[in-house]
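First to last, the sequence lines map onto chains A and B.
Per my numbering, residue 10 is the first one in the first sequence, and the count goes up by one each step.
Per my numbering, residue 23 is the first one in the second sequence, and the count goes up by one each step.
These are calculated hints, taken from the structure and not from any lab test.
If a hint is listed, it holds; no wrong ones were tucked in.
Which chain A residues stay away from chain B? Per the calculated CB distances, all over 12 Å, these: (1) P17; (2) R78; (3) S82; (4) N83; (5) S90; (6) D95.
Derived lysine-lysine pairs resembling DSS-like cross-links, with alpha carbons at most 30 Å apart: (7) A/K51 - A/K87; (8) A/K51 - B/K78; (9) A/K51 - B/K39.
These figures come from a predicted structure and were not determined experimentally.
Every residue, glycine too, gets a C-beta built ideally from N, C-alpha and C.
Read off the chains here:
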Amino acid sequence: EPEVTQTPSHQVTQMGQEVILRCVPISNHLYFYWYRQILGQKVEFLVSFYNNEISEKSEIFDDQFSVERPDGSNFTLKIRSTKLEDSAMYFCASSKTPVNTGELFFGEGSRLTVL
Amino acid sequence: ELKVEQNPLFLSMQEGKNYTIYCNYSTTSDRLYWYRQDPGKSLESLFVLLSNGAVKQEGRLMASLDTKARLSTLHITAAVHDLSATYFCAPRGTPGTYKYIFGTGTRLKVLA
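Chain B on its own, in the form it takes in the complex (with noise of 0.2 Å):
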């Protein structure tokens, strides 16, 4: 079964840094969603990636998605506080199925 890895599981960074969330995971897939989970709260969509080479961006986040290396990345530029939350990945399951599977998530805390 699909298994999905995120690195790092914590992320403590200073405004106006740059840094990378990294999602690895372990068999083909054909789309991969990022999420955003702010504390007690639900799921937002952020970007969904649909093929090998995509990239997407928004705002300060700016997703891509390479299929043959089996791995995504969140790449945030310039952090805000605003961006404190934690960030899922989550690849779809063999094609033709219906289930996604949720990385570990990465907690960022963006210091002021």
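With the rest of the complex left out, here is chain A (with noise of 0.2 Å):
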């Protein structure tokens, strides 16, 4: 069965450094997003992207992230300069189209641990 996929599982880095988390999307789908999970605590919104742009973003979502499809597979969510609040499991998500039933398909996420 056809699945989100990430990398890397955990990360572990530096208050400051530049983080990318990696996801490849289930093939056919057209509708890419990240959400994050703060340990313990609910699902939250960062951004959904489609035909190469940034379809609508979160308050989260400030000026230290940004994403990327950089060709046909994958798609990232780069922190440019990662602060302790930041650590957490970050989800990928893929949707086929929104305009059918637009389920969501996570990937196992990535945690990232900011020291």
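Dock the two chains into a complex; use the hints.
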């Protein structure tokens, strides 16, 4: 069954360092998302991406964050200068289209620990 | 902005019992999802509810949607230990947007 894959599964970084989290969405999906979940808390929307541009972003997604689809398969989230509060599990998701069921399929997540 | 509340936040129940998890949301939404999350794992889609009065059932779980009341329920029938997990509802934001707003989650523990 097709699935969303994410790398790395866990990354530890020093505060102020740049981090790139990678995702390979399901191949025929057109809409891509990043969500995050701080340990034990609810899942928060960060950004959605369609047709090579950001469709929508939350207030969390400030200038320190960026997304990119560098080729036909990868979808990346970059955090330019990490802060302690960026420590969280980051989930990539994709959907075929929001017009139909728009069901989100989530990857296994990338755990980011900022020291 | 759409706000979502789930009740209860924690639920401990005996095997074989029935219970309902409630999801209230603050503004109109055209679709709502229920997800399951096991500890340290990703989010697994359980149900997508697309219209008022929609009801879906899978095994011991049944979800319903009342868009007028802005309420969705997840009913558990004859709980078993394997249902222990955290359950999230996630209505979509206003139609035409791409983001889904997750509820606070209900951590369910089924005791053998």
